[in-house]
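A.B. asks: One letter stands for each residue in the lines below.
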Amino acid sequence: MTQDLLTIAGKSFSSRLFLGSAGYPNQQVFLDSLAASGAEVLTVSVRRADLTGYGEGLLDLVAGKVWLLPNTAGCATVKDAVLTAQLAREAMGTDWVKLELIGDRETLYPDVEQLLKAADTLVRDGFTVLPYCTDDPVVCQRLADVGCAAVMPLGAPIGTGLGILNPYNIELICSRSPVPVVLDAGIGTASDAALAMELGCDAVLLNTAVSRSTDPVRMAAAMRTGVEGGRLARLAGRIPKRTRAEASSPELGLIGG
Amino acid sequence: MTISDSPSKPPHSRPRVAIIGGGIVGLSIGWRLAAAGCAVDVFERAKAGQAASRAAAGMLAAGVEAEPGEQPLLPLCLESQRLWPDFAAELEAASGLEVGLRREGTMVVALTRDDLNILRSNYEFQRKLGLPLEWLTGAQAKEREPFLNPRVAAAVYSPNDGQVDNRKACGALVVALAKAGGRLHEGVEVTGVEVTNGRVAGVVLGDGLHQADVVVLAAGAWSRQMAGLPPASLPPVRPVKGQMLSVSMDPADPLLRHVVWGPKCYLVPRADGTLIVGATTEEKGFDASLTAGGVLALLEAAWRTLPGIEERPITEMWTGFRPGSRDDAPILGPALGVDGLVLATGHHRNGILLAPITADAIAGYVLAGQVDPRIAGFGADRFAPREAAA
Numbered sequence: 002m003t004q005d006l007l008t009i010a011g012k013s014f015s016s017r018l019f020l021g022s023a024g025y026p027n028q029q030v031f032l033d034s035l036a037a038s039g040a041e042v043l044t045v046s047v048r049r050a051d052l053t054g055y056g057e058g059l060l061d062l063v064a065g066k067v068w069l070l071p072n073t074a075g076c077a078t079v080k081d082a083v084l085t086a087q088l089a090r091e092a093m094g095t096d097w098v099k100l101e102l103i104g105d106r107e108t109l110y111p112d113v114e115q116l117l118k119a120a121d122t123l124v125r126d127g128f129t130v131l132p133y134c135t136d137d138p139v140v141c142q143r144l145a146d147v148g149c150a151a152v153m154p155l156g157a158p159i160g161t162g163l164g165i166l167n168p169y170n171i172e173l174i175c176s177r178s179p180v181p182v183v184l185d186a187g188i189g190t191a192s193d194a195a196l197a198m199e200l201g202c203d204a205v206l207l208n209t210a211v212s213r214s215t216d217p218v219r220m221a222a223a224m225r226t227g228v229e230g231g232r233l234a235r236l237a238g239r240i241p242k243r244t245r246a247e248a249s250s251p252e253l254g255l256i257g258g
Numbered sequence: 224m225t226i227s228d229s230p231s232k233p234p235h236s237r238p239r240v241a242i243i244g245g246g247i248v249g250l251s252i253g254w255r256l257a258a259a260g261c262a263v264d265v266f267e268r269a270k271a272g273q274a275a276s277r278a279a280a281g282m283l284a285a286g287v288e289a290e291p292g293e294q295p296l297l298p299l300c301l302e303s304q305r306l307w308p309d310f311a312a313e314l315e316a317a318s319g320l321e322v323g324l325r326r327e328g329t330m331v332v333a334l335t336r337d338d339l340n341i342l343r344s345n346y347e348f349q350r351k352l353g354l355p356l357e358w359l360t361g362a363q364a365k366e367r368e369p370f371l372n373p374r375v376a377a378a379v380y381s382p383n384d385g386q387v388d389n390r391k392a393c394g395a396l397v398v399a400l401a402k403a404g405g406r407l408h409e410g411v412e413v414t415g416v417e418v419t420n421g422r423v424a425g426v427v428l429g430d431g432l433h434q435a436d437v438v439v440l441a442a443g444a445w446s447r448q449m450a451g452l453p454p455a456s457l458p459p460v461r462p463v464k465g466q467m468l469s470v471s472m473d474p475a476d477p478l479l480r481h482v483v484w485g486p487k488c489y490l491v492p493r494a495d496g497t498l499i500v501g502a503t504t505e506e507k508g509f510d511a512s513l514t515a516g517g518v519l520a521l522l523e524a525a526w527r528t529l530p531g532i533e534e535r536p537i538t539e540m541w542t543g544f545r546p547g548s549r550d551d552a553p554i555l556g557p558a559l560g561v562d563g564l565v566l567a568t569g570h571h572r573n574g575i576l577l578a579p580i581t582a583d584a585i586a587g588y589v590l591a592g593q594v595d596p597r598i599a600g601f602g603a604d605r606f607a608p609r610e611a612a613a
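Which chain is which? The protein sequence lines are A and B, in order. Letter by letter, the first sequence follows residues 2 to 258 of the numbering used here. Letter by letter, the second sequence follows residues 224 to 613 of the numbering used here.
In short, the hints are calculated from the structure, not lab data. Some hints here could point you the wrong way.
Computed footprint of chain B on chain A, listed as stretches where at least three residues anywhere in the stretch have a Cβ under 8 Å from a Cβ of chain B [what the hints assert, rightly or not]: (1) 18–29; (2) 42–51; (3) 56–69; (4) 214–224.
With the C-beta cut set under 10 Å, the calculated list includes, among others, these residues of chain B facing chain A [what the hints assert, rightly or not]: (5) 341; (6) 447; (7) 506; (8) 510; (9) 513; (10) 547.
Here are the simulated distance ranges between beta carbons [to be verified]: (11) A:146 <-> B:343: 41 to 47 Å; (12) B:559 <-> A:84: 40 to 46 Å; (13) B:455 <-> A:84: 36 to 42 Å; (14) B:526 <-> A:146: 43 to 49 Å; (15) B:455 <-> A:239: 49 to 55 Å; (16) B:335 <-> A:75: 20 to 26 Å; (17) A:64 <-> B:277: 32 to 38 Å; (18) B:504 <-> A:192: 30 to 36 Å; (19) B:341 <-> A:256: 55 to 61 Å; (20) B:273 <-> A:36: 37 to 43 Å; (21) A:13 <-> B:326: 55 to 61 Å; (22) B:298 <-> A:80: 49 to 55 Å.
Bear in mind the structure is a predicted one, so any value in this text is a computation, not a measurement. Glycine included, each C-beta is placed from N, C-alpha and C at the ideal position.
Okay, chain A solo, but in the shape it has when bound (with noise of 0.2 Å):
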């Protein structure tokens, strides 16, 4: 089977697993999690991490073995967007962003206004950038009209575990979306991972799934393969649904029939 690679921005990935980094029971089940779940990139909040380079900070651990997605969490506005991913620039070395730009506590939603302003900023000032927002196809189609490198809409608010909660939305913006999708948020275990893939989206973005799963390192290994049962799934093509049943076994010829 010829490799099958994922490319944003001119740079390919093996995996379509994307990991978040934050709320593991401690650093070494995190470290542990991040192996078997195989992602090749990390999402790193630029607020939350420590960007002193101690030595034993989690981007010191993970240095050299994953491709570093800061993330703006804890934003509200564009100015503090666009600060913390220029602060993000400097500190970690990467022009990548997953930009986030939190609209209301409770649910956590994207403020769609504010995210296409400091999108358009932050593509104009070099950066590749992902944002994180709505299931919306006119909002989807807006960011990648601005230059995002791909859009990351949520299957369901961040940390409910409740899956994908519009699949039929999150099929429409993989079938007209001009960049990769990656589905962000909302997974609660690895079948929702694999309906993600099967929609048509190119990548899944988790965190607590995973982070505060009884056993993270088990769970991890079951998005890995969740993502890539849905993604074999997907390029295989599923069969037409029927309303009748239709044996497997062909019924002609059968001996003495």
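Go by the hints and put chain B onto chain A.
C.D. replies: For chain B alone, coordinates are given in the frame of chain A:
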């Protein structure tokens, strides 16, 4: 470690011990070793017991704090919790000071349906570990703690958990150490460890070398800031910042009698009416600032759990640095690659809880050269093979 073969072995039978760090861990080990007849010098760059040991809340809660991924730590925590009453009694007798040990149990409360689902899931996990926890209805929880938010949906009660006043315990340890003949050097910073032929020769101070047969590294979050040691001998410890605050209650009619965990905060009532609210968990290096967001999060969570705090005066706000190891478990026993160097660090949020077992096991190791089986799984070597494989 082979003390008996040491070329620097002193004429007397007990080793000379230098302890780096005058927090609860260093003081406890020093007290035990001095009481056993060792010449003990504890070096503290500021004032003893004033860093993480002061910042801590002093919860002794191995039961409800057990969480997925940390099962290996549970037996150590339970054992140390079992040791605390005798440790406290001995310490109070030795120092003549009381340490505020309270064993009325602790509670975790849920307010919303989301909290309830998490509480139920944790409760089932902890019950499977064999912990003696009780499920309380909202009404039962409010019987125990009438000032809780009336919306409290349910609670988990852990009868064996409790608290100690960590600030008082450190004060008592300073006295007990001195009475046992140990020397505490405050305001004296150890900048490095002197190693000769693969063996410690002493600790480096501003004005020269202080010779010792054994060096115990108990410098908490600062444990990697030691010159003279090979990188592999340094414990993998980092600072994990926490912000906390306290309000005052009426000691005669306190808002709270048990240690209580609400969603996103914990509340620790002291006998004198102080109510401690903790704690944020932040990866910010040694940034010691109190932030608006940190304090806001604590106050909001505390107010949601215990609305009556609204009228109470804020008495103190502070930050501290938990010494976080890579797996949040302490690093106890001989260091890799340097004879005579002993590690007692990386206790993360469990420094107060684990002080008795740390003191007993590390003192026992220094005296007898045998690793106590209770700490056998917590050596520095557990990090080495993984690193090699990575």
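A.B. asks: If a hint holds in the structure, say so; if it does not, say that too.
C.D. replies: Here is what the structure says about each hint:
1. 18–29: holds (count 5)
2. 42–51: It holds, with 3 qualifying residues against the three required.
3. 56–69: n = 6 at 8 Å, threshold three: holds.
4. 214–224: holds (count 4)
5. 341: holds (9 Å)
6. 447: holds (6 Å)
7. 506: holds (4 Å)
8. 510: holds (8 Å)
9. 513: Status violated, d = 16 Å.
10. 547: The hint holds - residue 547 (chain B) has a Cβ within 10 Å of chain A, the shortest such distance being about 8 Å.
11. A:146 <-> B:343: 41 to 47 Å: holds (46 Å)
12. B:559 <-> A:84: 40 to 46 Å: holds (42 Å)
13. B:455 <-> A:84: 36 to 42 Å: holds (39 Å)
14. B:526 <-> A:146: 43 to 49 Å: Since residue 526 (chain B) and residue 146 (chain A) have Cβ atoms about 44 Å apart, the given range 43 to 49 Å holds.
15. B:455 <-> A:239: 49 to 55 Å: Once the Cβ atoms are compared, 53 Å apart, the range 49 to 55 Å for residue 239 (chain A) and residue 455 (chain B) holds.
16. B:335 <-> A:75: 20 to 26 Å: holds (22 Å)
17. A:64 <-> B:277: 32 to 38 Å: Given about 34 Å between the Cβ atoms, the range holds.
18. B:504 <-> A:192: 30 to 36 Å: holds (31 Å)
19. B:341 <-> A:256: 55 to 61 Å: With Cβ atoms ~60 Å apart, the hint holds.
20. B:273 <-> A:36: 37 to 43 Å: Since residue 273 (chain B) and residue 36 (chain A) have Cβ atoms about 40 Å apart, the given range 37 to 43 Å holds.
21. A:13 <-> B:326: 55 to 61 Å: With Cβ atoms ~59 Å apart, the hint holds.
22. B:298 <-> A:80: 49 to 55 Å: Because 50 Å falls inside the window, the suggested range holds.
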